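Counting in this note's numbering, the sequence shown runs from 3 upward without gaps.
The hints are simulated quantities; they were obtained by calculation from the structure and are not laboratory data. Just so you know, these numbers come straight off a predicted model, no measurement behind them. Where a beta carbon is used, it is the ideal one built from N, C-alpha and C, also for glycine. Among the hints, erroneous ones may be present.
What follows is a list of derived Cβ distance ranges for each label pair [as the list claims (entries may be wrong)]:
| hint | residue 1 | residue 2 | range |
| --- | --- | --- | --- |
| 1 | Ser-75 | Gln-38 | 16 to 26 Å |
| 2 | Arg-94 | Arg-258 | 48 to 58 Å |
| 3 | Ala-93 | Gly-37 | 15 to 25 Å |
| 4 | Lys-23 | Arg-333 | 30 to 40 Å |
| 5 | Arg-335 | Thr-71 | 40 to 50 Å |
| 6 | Pro-247 | Arg-94 | 16 to 26 Å |
For lysine-lysine, the following DSS-like pairs were computed, each having C-alpha atoms within a straight-line distance of at most 27 Å [as the list claims (entries may be wrong)]:
| hint | residue 1 | residue 2 |
| --- | --- | --- |
| 7 | Lys-104 | Lys-246 |
| 8 | Lys-262 | Lys-246 |
| 9 | Lys-216 | Lys-262 |
| 10 | Lys-197 | Lys-216 |
| 11 | Lys-246 | Lys-216 |
| 12 | Lys-298 | Lys-104 |
| 13 | Lys-262 | Lys-197 |
| 14 | Lys-298 | Lys-246 |
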Amino acid sequence: MSETSGQEPAGGWGEPKGSPKLLDADLRDWREVRGQIVAHAMTQNLTRSDVARGSTIPLPTLTQWIDGTYAGSYINTTERVRRYLLTMEGARQQVLALTALKAPGFVETPSSRELIDTLAYAQSSPELIVATMAAGMGKTTTCREYASGRSAVFVVTMRPTTSGVHAMLQELAQALEVPERNPARLDRSIGERLKRNGRHTLLIVDEAQNLADKSVDQLRYFLDLYGCGIALVGNEEVYTRFGKPEPRAGYGQIHRRVGKRMQRMAPLDGDIAALLDAWEVEDGECRRLLAAIGRKPGTLGQIDKTLRLAAMIAAGGGTPVVADHIRSAWRNRSGEAI
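Kindly produce the complete structure, drawing on both the sequences and the hints.
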């Protein structure tokens, strides 16, 4: 197979095989960008195929452009390679900025601790629990953190397209690695996978507000027949439908099986403090600004995103993150001053 068909050339990132017939300025541009991509690839131990995939430039085109034998537009391909290099440099700067700021992984806040305790209760009892948290407070990451450290815990995320019973069962089957394809047997096969049978099993259904009532009733069937814990986790609609002290008409069967309810629609002061401590934000003005941001819609997620952008802005000037970077980041993200 020839190089023009896309085969990785034996020469790797060597000298060009030819000199393109270009205007002096375009030739200098090609040589400069070619040198940059070669240096980048050799530093990162990338092949031409790696760069072709990352830049979405067809391998035959990239190979001929590098070798100086390309019959197409050098100007266009040079610009595409330049954009790829800028993208890679931006990603590198972001990593360096976040490393300097010591971006945390999972942060246990008082609210996430309460959710973990609620999930543990559902798993050990077993019970049906309803947990609702405002957007950005980390309910999804907390559920996944809980599942990662325990056996027999399954997490499935619902979408508007999985609201019906059959669509929900298909989603459960995939998450639980149930191979059954016969629709008439699907719920039983899932039930057998969830069956307590000496284990403490827990099914966490995230974004449960997307489920139709009949689908939630199907989950009640798993609780009753197979003895597994069920956690309905989602937004305020989940609490309104299933968690309120007084059940809505027609919700009695589900309501009486709810063993524990958790509702947290605004972050606690301790939640914000825990996140800022995890980010190692010590400056008083920075903490004040970020605490105000954390009380806006999006809550703790707003703090995380704002700090990440502030770190990028600070990195551009080669300085640590200060209050002005946070103000600028928030203004760029929200369109309003803080």
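Status of each hint after checking the structure:
At roughly 19 Å, the beta-carbon separation of Ser-75 and Gln-38 lies within the given 16 to 26 Å, and the hint holds. At about 56 Å, the CB distance of Arg-94 to Arg-258 agrees with the hint of 48 to 58 Å. Roughly 20 Å separates the CB atoms of Ala-93 and Gly-37, a value that falls within the hinted 15 to 25 Å. Range check, Lys-23 to Arg-333: about 49 Å between beta-carbon atoms, so the 30 to 40 Å window is missed.
Hint check: Arg-335 to Thr-71, Cβ distance near 46 Å, so the stated range 40 to 50 Å holds. For Pro-247 and Arg-94, the Cβ-Cβ distance of about 53 Å falls outside the hinted range of 16 to 26 Å, so the restraint is violated. For a cut-off of 27 Å, the pair hint linking Lys-104 to Lys-246 is broken: about 40 Å separates their Cα positions. This hinted pair checks out: Lys-262 and Lys-246 have alpha carbons roughly 11 Å apart, not beyond 27 Å.
A threshold of 27 Å between alpha carbons decides the hint, and for Lys-216 with Lys-262 the separation of about 21 Å falls inside it, so the pair holds. Using a Cα cut-off of 27 Å, the hinted pair Lys-197 and Lys-216 holds, with the two alpha carbons roughly 21 Å apart. For a cut-off of 27 Å, the pair hint linking Lys-246 to Lys-216 stands: about 19 Å separates their Cα positions. For the given pair, Lys-298 sits about 24 Å from Lys-104 by alpha-carbon distance, which is consistent with the 27 Å threshold.
Pair hint Lys-262 plus Lys-197 holds up; C-alpha atoms about 21 Å apart against a cutoff of 27 Å. Only pairs whose Cα atoms come within 27 Å are accepted, and Lys-298 paired with Lys-246 is accepted, the gap being roughly 25 Å.
The structure does not agree with the numbered hints 4, 6 and 7 stated previously, though it agrees with the rest.
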